[in-house]
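Participant: Make the full structure from the sequences, and use the hints.
From first to last, the protein sequence lines stand for chains A and B.
In terms of our numbering, the first sequence opens at residue 759 and continues consecutively.
In terms of our numbering, the second sequence opens at residue 16 and continues consecutively.
The reader is advised that the hints may include incorrect statements.
[To be verified] The calculated label-pair distances, taken between Cβ atoms and stated as ranges, are:
1. A:L774 <-> B:T171: 25 to 33 Å
2. A:T765 <-> B:H167: 49 to 57 Å
3. A:M782 <-> B:E242: 41 to 49 Å
4. A:I760 <-> B:S310: 19 to 27 Å
5. A:L764 <-> B:D370: 29 to 37 Å
6. A:E762 <-> B:R298: 22 to 30 Å
7. A:Y766 <-> B:A170: 46 to 54 Å
8. A:Y766 <-> B:P347: 50 to 58 Å
9. B:H167 <-> A:E762: 20 to 28 Å
10. B:S243 <-> A:L774: 56 to 64 Å
11. B:G308 <-> A:M782: 47 to 55 Å
12. A:I760 <-> B:D313: 15 to 23 Å
13. A:M782 <-> B:L128: 23 to 31 Å
14. B:L270 <-> A:T765: 34 to 42 Å
Rather than coming from a laboratory, the hints here were simulated on the basis of the structure.
Nothing here was measured: the structure is a model prediction, and the numbers come from that model.
Beta carbons are placed, not taken as given, at the ideal position from N, Cα and C, and that holds for glycine.
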Amino acid sequence: MIKEFLTYTIFLTVLLLAVSGHYMLNKSDINAQTKKIAQLTKIVEPAFGVSTLENRLPHLDKSLDNSVYPDMITIDRVGFVYAK
Amino acid sequence: MRNNSFFYFLTLNLLKEKRRFVGIVLISTLLIFLLSSVLFISSSIKTTLNSSLKAQPDFIVQNIKAGKVAPIKAEQVDKIVNIYGVNKVTKRVYGRYFFDDKYSALIVGVDFLDEQSSKKLVKIMNSVDLKSFLSKDNMLVGQGVLSYLKSHYYATNYNFLTPSGQMQKVNIFKALNAKSSLISNDMIIMPLELAQKVLGLKESELTDIALNVPNDSEWSNIKAKLESLNFSTRVVSKKDMKKAYENLFNYKGGLFLVLYLIVIATFSLLLYLRYSLASSLERKEIAILRAVGWSIKDVLELKFLENIFLVIFAFVLGSSLAYIYVFILGAPILKDIFLGGANLKQFATFTPVVDYSVLSTIFIVFAVAFLGSVLIPVWKIAVTEPKEAL
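Facilitator: In structure tokens, the structure reads:
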């Protein structure tokens, strides 16, 4: 085996050992902390920043209210588009 | 054939023309890095949520009106407590509070007068003074909420606008540990009565009721009893919740797996084309080896070992870099795909979890496709007469 190949092998081994070392020694308490919050609140819903799990609240639908002209329907409303 | 000189020739061959392999190794490393990162994130979130799911009550009783969850009467708690085999019946008050159109927090009301809850609070907030917490309108906030409030100049308190139009001033008592951000990032914990006020619920109203049934074999029986309490009652079991979360992550992880398979197929096709249209130099090399007496098996063995080294190199490098990226650097960019970046700033970190079965599957799928697309064209060249190949 030539020297350069050995160097690459040693590099990979060191990288692998470093990662394995981190995995074995880094006893993170993330699970324990999360569990404590879940035990207190009895809620395990993940804090995702997406709206798929949230309720669709009518007051957030901007097409439904116009603070300046409450009676004016916005043009993207189906009722307005198909009005004769 | 496998002796020192064979390996010397093999390594010499590999490193002599490094440029030939650099592109292949880089693309392979990138592919493995991306897929490993996605699977590391997915399995880490799954593990954390599964461990916290153990704290989830066995059943949740909700009141449904027009297909949506409506407040449930607190008097239902007494009816549930009277069902034989049920314990730890907990009133739950929670709901989303929208700071504006885009950003929202999950307000959770906890009955701190309950001995169990107050003990758990002390456990969470090291050296918390429960008396001073309950003496005023205080709240505990997640890291995401704290960061949002600070950026809006609410460093010590926040004025909630209740549905009745009144302002409710609540002090920020302490921030929840950043390590629990996976579920507490957008959470605000406050006393039950205060949460009812902020969410616009009456004193006799709750969001839902949680309960435990210690005897597993009683689950279906108790569920039927709970459902018969009211026509509008919906009972959600822990099993349903677990399934929903698993589906969510399998769906996201699966989506990436499908994309990966498409990419790996394309990559294999490119490799196949590269080797089947092998340059005259490579053709010459194989023909010379055959001419000097190497058998087809020897040539294939050389090419197999040459490429398995490349695969191993790319795999170890790719998966190690993925580990560093996810568990040490916190997976910037990719994190947002899983946790979402639409709401408050995410502070969640991932607990290191390595799923060996997934990693070995990636290796096998990748190695088989890689070696297949290289060895077939090489074999085609090796079986032709050296004279013809030259």
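Participant: Does each hint fit the structure? Answer for all of them.
Facilitator: Results of checking the hints against the structure:
Range check, A:L774 to B:T171: about 49 Å between beta-carbon atoms, so the 25 to 33 Å window is missed. Hint check: A:T765 to B:H167, Cβ distance near 54 Å, so the stated range 49 to 57 Å holds. Between A:M782 and B:E242, the C-beta spacing of about 48 Å keeps the proposed range 41 to 49 Å intact. Separation of A:I760 from B:S310 is about 25 Å and conforms to the stated range, judged on CB atoms against 19 to 27 Å.
Taking 29 to 37 Å as the suggested C-beta distance range, the pair A:L764 and B:D370 conforms, at roughly 31 Å. Distance hint check: the CB atoms of A:E762 and B:R298 are about 26 Å apart, consistent with the given range 22 to 30 Å. Separated by about 53 Å at the C-beta atoms, A:Y766 and B:A170 satisfy the suggested range of 46 to 54 Å. A beta carbon spacing of about 29 Å between A:Y766 and B:P347 contradicts the range 50 to 58 Å that was offered as a hint.
Range check, B:H167 to A:E762: about 57 Å between beta-carbon atoms, so the 20 to 28 Å window is missed. Checked against the given bound of 56 to 64 Å, the beta carbons of B:S243 and A:L774, roughly 59 Å apart, stay inside it. A hinted range of 47 to 55 Å holds for the C-beta pair B:G308 and A:M782, which are about 49 Å apart. The hinted window of 15 to 23 Å between A:I760 and B:D313 holds, with their beta carbons roughly 20 Å apart.
At roughly 44 Å, the beta-carbon separation of A:M782 and B:L128 lies outside the given 23 to 31 Å, and the hint is violated. At about 39 Å, the CB distance of B:L270 to A:T765 agrees with the hint of 34 to 42 Å.
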